[in-house]
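Novice: Please model the complete structure; the sequences and the hints are all you need to start from.
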Amino acid sequence: MRVFLTGATGFIGSAILRELLGAGYEVLGLARNEDSAATVRAAGAHAHLGELTDLDSLTAGAKAADGVIHTAFGHDFSKYLEAGENDRRAVETIANALEGTGKPFVITSGTMILPPGKVGQETDLAAHDSPAGVRAPSEEIIVAAAQRRVRGTIMRLPPSVHGEGDRGFVPALIDVARRTGVSAYVGEGDNRWPTVHRLDAVRLFRLALEKGEPGQRVHAVAEEGVPMRSIAEAIGELLGVPVRGIDEAEAVAHFDWLARFAQIDNPTSGAATRASLGWEASEVDLLTDIRSGAYRA
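The sequence shown begins at 1 in the working numbering and counts up one residue at a time.
Calculated from the structure, these hints are not laboratory results.
Check each hint, because a few of them may be wrong.
Per label pair, the in silico range of CB-to-CB distance [claimed, not checked]:
no. : residue 1 : residue 2 : range
1   : Leu49     : Pro242    : 44 to 52 Å
2   : Arg178    : Asp35     : 25 to 33 Å
3   : Asp66     : Thr123    : 22 to 30 Å
4   : Asp54     : Ser78     : 20 to 28 Å
5   : Glu164    : Ala42     : 17 to 25 Å
6   : Asp256    : Gly102    : 41 to 49 Å
Within a straight-line C-alpha distance of at most 20 Å, the following computed EDC-like cross-link-like pairs (lysine to aspartate or glutamate) qualify [claimed, not checked]:
no. : residue 1 : residue 2
7   : Lys79     : Asp129
8   : Lys118    : Asp265
9   : Lys63     : Glu26
10  : Lys211    : Asp66
11  : Lys79     : Asp54
12  : Lys63     : Glu51
13  : Lys211    : Asp54
14  : Lys118    : Asp190
15  : Lys211    : Asp265
16  : Lys79     : Glu51
17  : Lys118    : Asp129
18  : Lys63     : Glu99
Every residue, glycine too, gets a C-beta built ideally from N, C-alpha and C.
Specialist: Set out below in structure tokens:
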């Protein structure tokens, strides 16, 4: 089976590439330039030149494959709305290319798309006004595509997909603590983030490709909710800086663009995912990962 993989050189996509190759799949990895193409080929996959906004390239890649996993996304938060629109167009383009085939198509979303303050479930719909609401149209395209014989699955990732090489929210929190000399949380720090290790997540991507049902929402959640105070304490230990709570009024000045994310309460269940796909997390938890030195650089 040949799988077209976007984001093939990214933190998550590169691990998915290795997981698929190890399971005997042929991988066609989207590469934006010759350097990325060389990285894809060196990993043992085929390179497909193009980028997320090159819709003709996405169409060709999807039509040349037996299934698609889409992980590419623009992570420049100064252009977040633009990134969401680019994602919507990419998902729509690939879904159109797969229409009528019954081929699997796994897209990437996030648990922060769920309404905050309650334990999110796989059955919960995306909230457009959530921190990850720019991805809501892509989720809706996948659900609708089930009526057009596209076996689309929505992979919701936690705000922390952790592990060596992480370039997401946890390293950003570490950078803030290093810059300010304080590892902070807002209020009592009892708001929660779900987490998953990268290697656990990529196994779930493969299972979703193999077993996902049309329109199914999948939660890659190993830990339902780690309090932000605990994350701040682990970062404080890592850097040897003090840990303290700050007022909501101080959050933007301290965290900058991270302020909204650092305050969200996003507990999320993955029980239905484990039951339907037979997935279990087996890698270390987030706090152990931070304290073990994976984030020391």
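Novice: To test your reading of the hints: which numbers does this structure violate?
Specialist: Hints 13 and 15 not satisfied by this model.
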